[in-house]
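A.B. asks: Each chain, letter by letter, is given below.
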Amino acid sequence: MTNVPSSFPVPAKLLIWAVAPTSLLLGLAAWSVSPPFQDALVRFTNSMLTSFTLFSLMLLLTLLVYGDRRKRPVAPFFGMVLSVAAGSALTYFFLSQGDLLMEDNGSVRAQALSNIIRFATTLVAMLVSVMVVAGSLFSSLMSAPPAPVVFEEE
Amino acid sequence: MEEAMQALVFFWFAGLACMTGFMLGFFAKADNVRKVGAALMVLGFLSLLATPWTLTFSPSSAFGHLLGSILGPCVLMGVGFYQITFSGHVPVGRLSPGERKTGFAMVIVGFVWLEAMHWWILTPTYPNEVNRYWLIFWPTFLLFGVACSCTTYALVGHVGNQRNQEQRLMMLIAVFFGILLVLGILVDGPNVLRESFASALFLAGADLFGLLAGAALAIVLFTLVMALYESQQPSPLQLNSPSKGQLQQAAEMISANLTGGEEE
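As they're listed, the protein sequences go chains A and B. Numbering-wise (my numbering), the first sequence opens with residue 1 and increments by one. Numbering-wise (my numbering), the second sequence opens with residue 155 and increments by one.
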């Protein structure tokens with residue numbers, strides 16, 4: 001990968017490496033059964049709204065740490081509170097539109113809570129994946145002795 | 155206690171305690187606050203684990219059941235990787251070769267245990283059917299594992315020098331996870347049929363992309379808010395460049411404090 005000159009910037013290459021095999025496998029899953037496209041679209045939207053709201057909340061909490069170093073600024077804190085409020089309001093609004101984003105839940109509250117638990121499950125799965133990949137990588141890196149530094153005479 | 159109140163205390167407050175405890179434990183500066191954060195996280199996690207007993211009436215308790223089901227293999231793999239890594243070529247605190255072998259055994263047993271949850275009778279079942287959150291966890295774990303190892307493969311190739319072994323390992327993991335996914339799509343398991351696995355995989359993909367898109371939006375917004383705030387701050391006081399006298403004084407101070415022998 002490194003030796004081949006390419007016009008792609010590195011982040012784009014990494015994104016392609018992440019998305020291409022994933023899409024291939026999802027395509028295989030779609031080919032093997034009649035895929036629930038409508039359900040997947042609803043799932044994607046619910047997941048995006050929940051993730052946006054909860055990540056905004058987490059970033060809002062990090063501002064408490066940031067505030068220690070910058071005399072507790074109010075403006076960014078207020079900005080992120082607005083962001084969390086906007087995410088929550090959007091979620092509530094879309095969930096209230098009949099069956100638009102509802103899955104197998106009887107009420108808006110049940111659907112919102114179900115979204116949060118699914119978000120947590122997905123996050124746990126991602127963390128375990130990262131643990132396996134990073135654990136394997138560091139195990140391999142540490143198994144070999146450090147390469148000697150060779151000084152070349154000028 | 156009323157059922158809704160029980161769910162609020164034992165599940166939602168516990169989840170909030172976990173998240174807040176994690177943030178405090180990792181980011182707070184004061185030691186006391188960090189300890190309180192760690193205690194909050196442990197208490198919240200224990201409360202979540204206990205929900206199959208404390209909240210038997212609530213569907214949310216299936217999440218606590220899932221956490222309890224995967225805790226064993228995850229701890230085995232985590233400790234195993236730690237032992238393998240720190241029994242390698244680390245400069246201080248190296249573990250013994252025996253612990254390295256134990257680490258390998260723990261990782262293998264942990265992974266086989268997880269596999270047995272799909273391909274054998276160990277599938278998390280709650281209360282009388284396959285745990286609905288297992289059908290989210292397992293395909294997401296494999297799918298994100300493929301994405302993560304492929305990205306690491308490319309990243310190691312970009313920043314690493316003579317790291318062919320690591321690249322091969324990453325590709326091996328990606329192929330292995332990919333094969334597990336394809337097998338799940340094509341072959342029925344004892345408790346999870348291939349149709350339900352394929353559907354769950356498709357929905358897991360939607361969940362994963364949705365989560366990443368939402369997170370990216372939140373981070374972009376956070377960056378904009380911070381950039382806007384910082385750009386409105388007055389610029390720091392600029393000092394004048396040093397005068398000749400100050401430079402002369404600095405040179406004298408430096409030469410007075412420099413020691414060095416003559417060349418032999």
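Bear in mind the hints are in silico, worked out from the structure with no lab data behind them. Among the clues, some could well be false.
What the hints assert, rightly or not - One-sided excerpt, in silico: chain A residues whose CB lies under 8 angstroms from chain B:
no., residue
1, P11
2, V33
3, S56
4, L61
5, A75
6, L90
7, Y92
8, G106
9, V108
10, R109
11, V128
12, S129
13, V133
Unchecked claim - Among the chain A residues that face chain B by a calculated CB cut under 8 angstroms, a handful are:
no., residue
14, F8
15, V10
16, L28
17, M80
18, V81
19, Q111
20, M126
21, V130
Claimed, not checked - Covered stretches of chain A (in silico footprint by chain B; criterion: 3 or more residues with CB under 8 angstroms from a CB of chain B, positions within the stretch not fixed):
no., segment
22, 15–26
23, 35–47
Note that the Cβ used here is the ideal one computed from N, Cα and C, for glycine as well.
A.B. asks: The structure should be examined with respect to each hint, and the outcome stated for every one.
C.D. replies: Now for the hints, and whether the structure bears them out:
{"no.": "1", "hint": "P11", "in the structure": "violated, 11 angstroms"}
{"no.": "2", "hint": "V33", "in the structure": "holds, 4 angstroms"}
{"no.": "3", "hint": "S56", "in the structure": "holds, 5 angstroms"}
{"no.": "4", "hint": "L61", "in the structure": "holds, 5 angstroms"}
{"no.": "5", "hint": "A75", "in the structure": "holds, 5 angstroms"}
{"no.": "6", "hint": "L90", "in the structure": "violated, 11 angstroms"}
{"no.": "7", "hint": "Y92", "in the structure": "violated, 16 angstroms"}
{"no.": "8", "hint": "G106", "in the structure": "violated, 11 angstroms"}
{"no.": "9", "hint": "V108", "in the structure": "violated, 15 angstroms"}
{"no.": "10", "hint": "R109", "in the structure": "violated, 10 angstroms"}
{"no.": "11", "hint": "V128", "in the structure": "holds, 6 angstroms"}
{"no.": "12", "hint": "S129", "in the structure": "holds, 4 angstroms"}
{"no.": "13", "hint": "V133", "in the structure": "holds, 5 angstroms"}
{"no.": "14", "hint": "F8", "in the structure": "violated, 11 angstroms"}
{"no.": "15", "hint": "V10", "in the structure": "holds, 6 angstroms"}
{"no.": "16", "hint": "L28", "in the structure": "holds, 6 angstroms"}
{"no.": "17", "hint": "M80", "in the structure": "holds, 6 angstroms"}
{"no.": "18", "hint": "V81", "in the structure": "violated, 10 angstroms"}
{"no.": "19", "hint": "Q111", "in the structure": "violated, 12 angstroms"}
{"no.": "20", "hint": "M126", "in the structure": "holds, 5 angstroms"}
{"no.": "21", "hint": "V130", "in the structure": "holds, 6 angstroms"}
{"no.": "22", "hint": "15–26", "in the structure": "holds (count 8)"}
{"no.": "23", "hint": "35–47", "in the structure": "holds (count 10)"}
Taken one by one, the earlier hints fail for this structure at numbers 1, 6, 7, 8, 9, 10, 14, 18 and 19, listed in ascending order.
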